[in-house]
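**Q** Below are the chains, spelled out letter by letter.
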Amino acid sequence: MFKIDVDNINGKTESLYVYGEHSILTELEEHNVVINYSCRQGHCGSCVLQLLSGDVIHQDCLVPLSQGEILACRATPITDIKIGVRDY
Amino acid sequence: MSYSIFNKTVSDTLTQPMFFGDSVNVARFDKQKFEMFEKLTEKQLSFFWRPEEIDVSKDKMDFAKLLPNEKHIFISNLQYQILLDSVQGRSPNIAFLPIVSLPELENWIETWSFSETIHSRSYTHIIRAIVNEPGAVFDDIMKTDEIIQRAESVSKHYDELIKCSQAYLLHGEGKHDLNGEETTIDLHCLKRKLYLTIMSVNILEAVRFYVSFACSFAFAERKVMEGNAKIIKMIARDEALHLTGTQHMLNLIRDGKDDLEMQEIAKECESEVIEMFKEACQQEKEWAEYLFRDGSMIGLNAEILKQYLEYITNVRMGALGLTPIFEERANPLPWINHWLDSDNVQVAPQETEITSYLVSAIDNNMEADDSDFGDFKL
Numbered sequence: 001m002f003k004i005d006v007d008n009i010n011g012k013t014e015s016l017y018v019y020g021e022h023s024i025l026t027e028l029e030e031h032n033v034v035i036n037y038s039c040r041q042g043h044c045g046s047c048v049l050q051l052l053s054g055d056v057i058h059q060d061c062l063v064p065l066s067q068g069e070i071l072a073c074r075a076t077p078i079t080d081i082k083i084g085v086r087d088y
Numbered sequence: 089m090s091y092s093i094f095n096k097t098v099s100d101t102l103t104q105p106m107f108f109g110d111s112v113n114v115a116r117f118d119k120q121k122f123e124m125f126e127k128l129t130e131k132q133l134s135f136f137w138r139p140e141e142i143d144v145s146k147d148k149m150d151f152a153k154l155l156p157n158e159k160h161i162f163i164s165n166l167q168y169q170i171l172l173d174s175v176q177g178r179s180p181n182i183a184f185l186p187i188v189s190l191p192e193l194e195n196w197i198e199t200w201s202f203s204e205t206i207h208s209r210s211y212t213h214i215i216r217a218i219v220n221e222p223g224a225v226f227d228d229i230m231k232t233d234e235i236i237q238r239a240e241s242v243s244k245h246y247d248e249l250i251k252c253s254q255a256y257l258l259h260g261e262g263k264h265d266l267n268g269e270e271t272t273i274d275l276h277c278l279k280r281k282l283y284l285t286i287m288s289v290n291i292l293e294a295v296r297f298y299v300s301f302a303c304s305f306a307f308a309e310r311k312v313m314e315g316n317a318k319i320i321k322m323i324a325r326d327e328a329l330h331l332t333g334t335q336h337m338l339n340l341i342r343d344g345k346d347d348l349e350m351q352e353i354a355k356e357c358e359s360e361v362i363e364m365f366k367e368a369c370q371q372e373k374e375w376a377e378y379l380f381r382d383g384s385m386i387g388l389n390a391e392i393l394k395q396y397l398e399y400i401t402n403v404r405m406g407a408l409g410l411t412p413i414f415e416e417r418a419n420p421l422p423w424i425n426h427w428l429d430s431d432n433v434q435v436a437p438q439e440t441e442i443t444s445y446l447v448s449a450i451d452n453n454m455e456a457d458d459s460d461f462g463d464f465k466l
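So the sequences go chain by chain: V and G. At position 62 of the first sequence the residue is numbered 62 (this note's numbering), and the sequence of numbers has no breaks. For any residue, its number in this note's numbering is found by taking its place in the second sequence, counting from 1, and adding 88.
With the rest of the complex left out, here is chain G (with noise of 0.2 Å):
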């Protein structure tokens, strides 16, 4: 068995689950098993931006002005958000596309780990912009301790499934020698990484991003560093896309709508998801405390990051059917909401990225009982 970059097995993907079935070959979307990933698809098309489209030209003096500790929240925020999108940026492609069976999921999967890259070119964008030597930023991530940890944490489950995929690709099912390790290969195992993989994705961009999104949105709502958290803003908008994405994934494979074997595991997984909601919170609690180490800034310290941590991690486990494990409390920081919600997003009339106006809403048809008319005489 080996992977082919174009099966030629003709199946019908209207009954192939989303991930370990036939490969794709024919990147085909006039039928669709699920109609929710061309949606996606669509809408991220019509979020398109470009981060020169936006003036961060003021956040340099914004910036010289800040105090030292106000400085280091900024820049190791913007360090950890250049972090996860540099993972974001190459995984989903990496992990999941040799292995998926939809073409609307394949080009799906494309198209939010290409909208990643932009989030990446825009932190090069802003960094530029506020620094003299932008290079030492970017040299600092992979010398600080506590970014490297993140880096693991964010990445340990890709790694996994990527090394056992391939090995699966390659070899088949069996036991093979990975690097002069004795590792059994099933698929059963192989399904087990996969749903915990698309977990631990929903995690980083449904928990651990928010966070960061709530440091930038603080500055701006001092009215510092708005270029900035303009951009954070078009991202924000982004990763609700795509936490949406998993999300729909996970209650597919919950709800039984696609592999039979993966809703299984997605029951026997239960305690181990609830575990790593747990454990990525307890690690955004070390980061909170990381970025306020030399004094809290107003509007936000690192207590009150912590609370909102606890707030957004049951939001988001309630997104998935799971029992929150935090106290049920409101939100802390009611002020984000005007950031993420997508009415705010300012466009220029003619430039206007409401999806309605780039395909047609309007159908041309009469439906019998549509009363708009009915009191209408000629």
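Looking at chain V on its own, in the form it has when it is part of the complex (with noise of 0.2 Å):
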């Protein structure tokens, strides 16, 4: 299992463990973490999160993304990850 630490998503600061079968997307939802998304598939860019530590495996996508930027829909841990809102 991995374990996914939440910093401060929509007033949200918890530890969620996955088994890393399933998009940060889906795994946030699952656990009531309330995030923005629109499409799930990669292409608006709604889902936009940072990496703050650990690796993902990210499918492909249409949005430009920074150094640590992950769209959630698109994004499964490898390994223990920590993950916040997006710098602006």
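Simulated from the structure, these hints should not be mistaken for laboratory data. Computed from a predicted model, the values in this text were never measured in an experiment.
Which bits of chain G does chain V cover? Going by a derived footprint, with three or more residues having C-beta under 8 Å, they are: (1) 126-135; (2) 326-333; (3) 407-420.
Calculated Cβ distances over 12 Å to all of chain G for the following chain V residues: (4) Met-1; (5) Leu-52; (6) Ser-53; (7) Ser-66; (8) Gly-68; (9) Thr-79; (10) Val-85.
No residue lacks a Cβ here, since even glycine has one placed at the ideal position from N, Cα and C.
Hints in hand, dock the two standalone chains.
**A** Here it is in structure tokens:
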């Protein structure tokens, strides 16, 4: 199992334990951590998050991402990770 | 002033707005003002599918065993989807192509609308498979008041834009006699109609369609009408792309990255847009009542569908930077995401539709700070 440390996303700071079989978006939804999303397919960029530590597998997407940014709908954890909202 | 299919004016498309600039001439994609539309087109092309590839033969037996109220839900839902795709298969081309000014956006609109025609063809494929007289299902569409009302609400903005932009392209700005009615055509008013039309299309594809998807997938959650659900899953995958297209246009306008006059219009129209979302939501709630008038089905009823409607409306408004209008709630139909997530579209490896397989995803450049081979020694 992997640990997802949620760092102040929509007011929530907590640790989730997941099997790494689903996208981070799905895992957050299943644990009632609400984030913005729209297409769920890596096109729109609504679910962008900041990966603060750890590694993810990231599928292709249409959205240009800066260093450390991930799309929750396209990323699956492969280690323990820490995620937060995007730095502007 | 009159529209030309090949504008002779030489203009730099990098400085043109998305709409109502110089009309397009050379279809060139070597340089793009908004690269996103090119990416959307490439993605849509990589998604190409044909309804005949999906086996719906078991659905005929499933359909025969459905209860009468379930048959009403299934057929009415399908008829609504047929209506929506009939509109979308032609309207983006007719409404947006005459006024578009960027080649990459023109190409996206054509690709988008074409993919909607595949959806329309797939409904015929489904209906042929499940009923003995497909014609009756199609004939009923134009005889059902509830569906005709939906047609009016999804096409009114398109119709208004088409009427006024045709007058503008023929005669320019000024007072014109349109079918005996004196109408003032000015560019600001036209841009306003355009903005509201794009918003109405976004609502159609991002809210109205998703209500119908929920009904289709609810049957398949019970392991019935699964061929239909597989087709709707392909349609939903396309629609997620399309709604990103309209969202992207609206967000470019709102952020002032395109036409500054359009940005002003977006501000002016904010309360009207919120009303549009509310109105669409109310119409869809009434549709939910019609669908479930003879009884609900296992896993879905009018009340849950209405809750989903409010939930998805909030999600879509958030994606456009608008304040959600309904109480924040968890997704009342969490299982729908299994059908909407792209990871779950099953494809044979040799037919893989992952774009990175189709276009070269691996480049040949070694960056100086690329640490992957940092500890590699010859």
